[in-house]
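K.L.:
Sequence:
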Amino acid sequence: MNELIKINGREIAAKEWQGLRVVTLKDIDFVHERPEGTARKRFNDNKERFVEGEDFFKVKCSEVRPFFGQTPPNGFNPDADIVLITESGYLMLVKSFSDDLAWKVQRDLVNTYFRARAAVADFSHLSPQLQTLINLETEQRRQAALLEAVA
Numbered sequence: 001m002n003e004l005i006k007i008n009g010r011e012i013a014a015k016e017w018q019g020l021r022v023v024t025l026k027d028i029d030f031v032h033e034r035p036e037g038t039a040r041k042r043f044n045d046n047k048e049r050f051v052e053g054e055d056f057f058k059v060k061c062s063e064v065r066p067f068f069g070q071t072p073p074n075g076f077n078p079d080a081d082i083v084l085i086t087e088s089g090y091l092m093l094v095k096s097f098s099d100d101l102a103w104k105v106q107r108d109l110v111n112t113y114f115r116a117r118a119a120v121a122d123f124s125h126l127s128p129q130l131q132t133l134i135n136l137e138t139e140q141r142r143q144a145a146l147l148e149a150v151a
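For the sequence shown, the tail end lands on 151 under this note's numbering, and the numbers increase by one without skipping.
Treat the hints as calculated values from the structure; they're not laboratory data. Certain hints may be false.
[Unchecked claim] Only pairs whose alpha carbons sit at most 27 Å apart, straight line, appear in this in silico DSSO-like list of lysine-lysine:
id: 1; residue 1: K104; residue 2: K6
id: 2; residue 1: K58; residue 2: K26
id: 3; residue 1: K60; residue 2: K47
id: 4; residue 1: K58; residue 2: K6
id: 5; residue 1: K26; residue 2: K47
Given the structure is predicted, the values throughout are model-derived calculations rather than measurements.
Could you put the whole structure together from the sequences, leaning on the hints where they help?
P.N.:
Below you can see the structure in the form of structure tokens.
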């Protein structure tokens with residue numbers, strides 16, 4: 001997935017995991033102009049409040065590399081874990097970011113990044129045949145990305 005989305009004048013690569021748009025903790029620090037590690041600290045401080053599989057996913061770097069087409073933020077240690085934050089997790093994580101910039105970035109990230117996928121993914125108004133073709137192409141692209149990552 002190579003689509004770049006501009007938030008607060010900064011570009012981040014669109015990422016999806018299990019059909020959901022996700023961001024990394026490093027992405028959050030980047031778009032919010034926070035020191036590196038700020039989002040991770042907030043996540044760790046409140047980890048018991050986050051629901052795995054709903055607010056975040058914890059996956060091995062070797063699993064995400066083929067999907068993101070890039071080296072994960074912590075380099076490439078295939079056995080290392082990376083935390084992927086969903087929209088609900090993002091909104092809970094940044095509750096404590098209360099300055100004016102944080103409010104602007106939150107609005108932009110939700111409307112431009114997380115919700116953009118939902119708008120694109122609604123093919124219900126298209127014919128079943130066209131929906132099938134779109135789904136086939138999407139699957140072919142996913143498989144091509146996997147093959148490219150393995151090669």
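K.L.:
Could you run down the list of hints and mark each one as holding or not?
P.N.:
Verification of the supplied hints:
no., hint, result
1, K104 <-> K6, "holds (13 Å)"
2, K58 <-> K26, "holds (14 Å)"
3, K60 <-> K47, "holds (18 Å)"
4, K58 <-> K6, "holds (25 Å)"
5, K26 <-> K47, "holds (17 Å)"
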